[in-house]
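There are 2 protein chains.
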Amino acid sequence: MKIIDISMGINNGMLVYPKNLRPNIKKSKSISKNKVNQSVISIESHTGTHIDSAYHALSDGWKISKVKIERFMGSAIVVDVTKAGAIISAEALSKFDIRPNDTVLLKTENSLYGYKKFRKDYASLSISGAEYLSSKKVNAVGIDYLSIEKYMGDISVHKKLLRNNILIYEGLILKGIKPDRYKFIGIPIDYDGDAAPARVFLIK
Amino acid sequence: MKIIDISMGINNGMLVYPKNLRPNIKKSKSISKNKVNQSVISIESHTGTHIDSAYHALSDGWKISKVKIERFMGSAIVVDVTKAGAIISAEALSKFDIRPNDTVLLKTENSLYGYKKFRKDYASLSISGAEYLSSKKVNAVGIDYLSIEKYMGDISVHKKLLRNNILIYEGLILKGIKPDRYKFIGIPIDYDGDAAPARVFLIK
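For the protein sequence lines, the chains are C and R, in the order given. Oh and the first sequence: position 109 is 108 in numbering that gives the first Met the number 0, straight run, nothing missing. Oh and the second sequence: position 63 is 62 in numbering that gives the first Met the number 0, straight run, nothing missing.
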């Protein structure tokens with residue numbers, strides 16, 4: 000059994016989406032004064048690798064704490080859309096064997112660039128792609144950048160996915176990951192919110 | 000397959016260890032103004048269900064980000080020490096079939112009280128108990144309260160466990176959990192720190 004971590008570590012210097020707060024991790028207690036080291040972690044809910052809940056885009060949407068835990072584990076397919084350009088359409092996705100309850104991880108051209116500096120022209124899912132995944136009744140969709148939706152988009156892609164009860168994983172690291180089927184574990188912290196930092200693993 | 004969540008949700012009113020910061024989760028963006036809801040989460044690293052790293056108690060200790068991910072999954076044994084009183088000793092633990100690489104979850108009398116208000120006389124692991132678990136070469140030890148060590152202790156129990164490379168899970172919810180062997184998944188967020196909030200599951 001091989002376990003691959005496809006989530007990113009959180010640190011104060013990491014890339015965040017424009018207008019989001021940068022993490023602020025600082026020491027709150029120290030061994031010399033308090034017998035122990037402790038920290039305070041301040042992060043925006045959409046920092047690093049995270050899951051969006053419906054409440055992110057829909058005023059009456061479900062929150063992270065309402066998601067059944069069984070949905071955080073299951074079957075994933077990593078699809079190679081690195082040559083599909085910056086807009087991942089239904090057509091690009093139709094080439095893959097996507098099954099009901101799959102967690103579909105989009106390995107796009109973003110994986111060539113990584114998370115060094117923010118790129119406005121990052122690859123994202125189109126509304127046709129969101130409709131296609133909805134029709135396939137997938138469990139979740141994930142992407143190798145900080146948003147599933149194009150920069151300054153109208154949130155319609157988020158709304159389409161979330162209305163159809165599809166979880167959204169953003170901020171995945173898929174560089175070096177072979178397109179294939181895997182067992183998937185993608186676990187957020189538990190609070191009543193619009194999104195939550197998550198740790199995500201593929202198991203082969 | 001049955002998955003049981005033994006971690007607690009994070010909220011602003013939750014119980015925290017004395018002198019620790021209470022969580023501060025607040026809205027940072029709203030659909031009416033920003034098209035989306037977002038939050039800022041500020042928490043002390045030892046909030047709710049969490050893992051301690053060696054750096055919590057040892058200046059030169061390993062941090063959470065250095066723990067091999069394989070150690071967050073494995074075999075757990077929930078041991079019933081609800082009748083063992085407030086100090087869990089080597090003798091109390093010697094009755095159980097504890098094996099190398101086990102994650103040992105101490106179901107103590109704390110599970111009768113829960114996390115409503117802070118109790119200074121919470122059940123905790125003794126130094127003899129920590130020595131016993133070290134001799135058994137366990138992977139991790141977990142407890143059903145906010146610290147593995149007695150209130151105002153000298154941190155010797157933490158140091159013993161962490162020097163022996165044993166992970167410490169604190170803030171587990173074991174009420175209603177049948178003492179037995181389980182598959183275990185206990186996954187922290189990833190940062191270079193002294194402790195991290197974790198989501199912990201038992202699988203049967």
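Note that these hints are calculated values from the structure, not bench results. Please read all numbers here as calculations on a predicted model, not as lab measurements. You may find that some hints are simply not true.
If you want a taste of the chain C side facing chain R, the calculated C-beta under 8 Å gives, among others [as the list claims (entries may be wrong)]: (1) I2; (2) S27; (3) Q37; (4) Y54; (5) S64; (6) V66; (7) I97; (8) I126; (9) I154; (10) D179.
Just a few of them, taken from the derived set where beta-carbon distance is under 10 Å, the chain C residues facing chain R [said to hold, decoys possible]: (11) N23; (12) I24; (13) I30; (14) E130; (15) H157; (16) D191.
Note that beta-carbon positions come from the ideal geometry of N, C-alpha and C, so glycine has one too.
Legend entry - Violations among the numbered hints, reported as their numbers in ascending order: 6, 7, 8, 10, 14
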